[in-house]
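Visitor: These are the residues of each chain, in order.
Number of protein chains: 2
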Amino acid sequence: MAQAGESKQKLRDICRIAARIFYEKGYDGASMQDIAKAVGLTKAGLYHHVGSKDRLLFELMNYGMDILDETVLQKVKEIADPREKLRQTIIGHIDLIVRARDLEITVILHENRSLKGALRKKINLRKREYIHYIENLIAQVQEQSGGKPLLPPSLAAFALLGMINWLYQWFQPEGPTKQSELTEAYADFFFRGLMGSTPPA
Amino acid sequence: MAQAGESKQKLRDICRIAARIFYEKGYDGASMQDIAKAVGLTKAGLYHHVGSKDRLLFELMNYGMDILDETVLQKVKEIADPREKLRQTIIGHIDLIVRARDLEITVILHENRSLKGALRKKINLRKREYIHYIENLIAQVQEQSGGKPLLPPSLAAFALLGMINWLYQWFQPEGPTKQSELTEAYADFFFRGLMGSTPPA
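Going down the list, the protein sequences come from chains A and B. The first sequence begins at 1 in the working numbering and counts up one residue at a time. The second sequence begins at 1 in the working numbering and counts up one residue at a time.
Chain A with its partners taken away, still in its complex shape:
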């Protein structure tokens, strides 16, 4: 088991370095040689760990989804109230996107045109599970608040994901807006858009 754990950690280290190189050179512009060199492996050693360049991209994206699970979803799973659960999910997801440490992985995760066939389907399935989780929470919040929903949960979910995932394009953690201000402003904005009013925090 220690060996399996070490091997998982090694794979994650490789993914993190590969993300930086894909981010800088593009998936097609980065060679396995570039990545092997940055990781400190021979090219053969790198292939031994990851199988192929496609597989490496898949593992990197899969790792991106693992980070979402581990740092966002695990933390909110005990929350029973749907509004609070959704609010905490928004806060956690924003934190993930603006965290410099994971920037390259989350950006590459969303540029998945380079991934093809069955591997792409697997990643898209994991993304869809997360979208369904958000949609379900939104539907529960709408139901709890009574009245006719103002927009379909799926459109609200994608509006939310767009707002959050776009942050990497502009938000500077060292800039004029503090992360806590951003998070509060965005959560309130979303709940107003969803329901016409801000729920108590």
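Treat the hints as calculated values from the structure; they're not laboratory data. Check before you lean on any hint, since a few could be wrong.
Pairs involving identical chains hold if they fit within one copy or between any two copies, as the list cannot separate such chains.
The calculated PhoX-like cross-link candidates involving lysine-lysine, where the alpha carbons are at most 20 Å apart (straight line), are [claimed, not checked]:
hint	residue 1	residue 2
1	K25	K37
2	K77	K127
3	K85	K127
4	K53	K116
5	K53	K25
6	K127	K75
Bear in mind that the values here come from a model prediction, so they are computed numbers and not experimental data.
Since the structure of chain A is already known, use the hints to place chain B on it.
Guide: Just chain B now, with coordinates in the frame of chain A:
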């Protein structure tokens, strides 16, 4: 003048084809040879038109911003009421993003890590002008509606751009949601989030 017009059209044709190839192969994965072949020029002929691969990427992004100007901003510039102007800008921008014809150009426009130095600065300046236009409209809408603004115009502007620019990730024009439903739902959602209520259309 006819010659300048023809040359501009030729450049736009090249940009459109290059966008498709960059979209498929990535900027670094696509060679000038690939693009020359797709355009029906020799490699030397392509260099004659665009100068360099960097310059081609710049021209393509510049063309993306021209499309935004020509198909969105020109159409709303006579509208005096800020709410209506903002609403029509939202409708026009959504239409631009979901229009299959311009998908590749708008996607490449936002993946501008490949562009470096002065050319990147020029594109970012054009993007910033558009963001300021949206921010100013939002500030006018907030002022018109009176009361204390619920969030800073810049955060509202980026939330809006995120919602809209993310559409390329999921919206299918042939899918279950009609573009007109999407547009209305998103414009209403945005105005509710901004002001706590939906303005009359």
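Visitor: Against each hint, give a clear statement of whether it holds in the structure.
Guide: So, going through the hints one by one against the coordinates:
1. Proximity of K25 to K37 under the C-alpha cut-off of 20 Å is restricted to the intra-copy arrangement: shortest distance 15 Å within a copy versus 24 Å between copies.
2. Proximity of K77 to K127 under the C-alpha cut-off of 20 Å is restricted to the intra-copy arrangement: shortest distance 18 Å within a copy versus 39 Å between copies.
3. In this assembly of identical chains, K85 and K127 lie within 20 Å of each other by CA distance solely inside one copy; the values are 19 Å within and 35 Å between copies.
4. In the homo-oligomer, the alpha carbons of K53 and K116 lie at most 20 Å apart inside one protomer (12 Å), although the nearest pairing across protomers, at 26 Å, exceeds that limit.
5. Within a single copy, K53 and K25 get their C-alpha atoms as close as 14 Å, and across copies as close as 15 Å, so both meet the 20 Å cut-off.
6. Within a single copy, K127 and K75 get their C-alpha atoms as close as 18 Å, which meets the 20 Å cut-off; across copies the closest is 37 Å, which misses it.
The structure agrees with every numbered hint stated previously.
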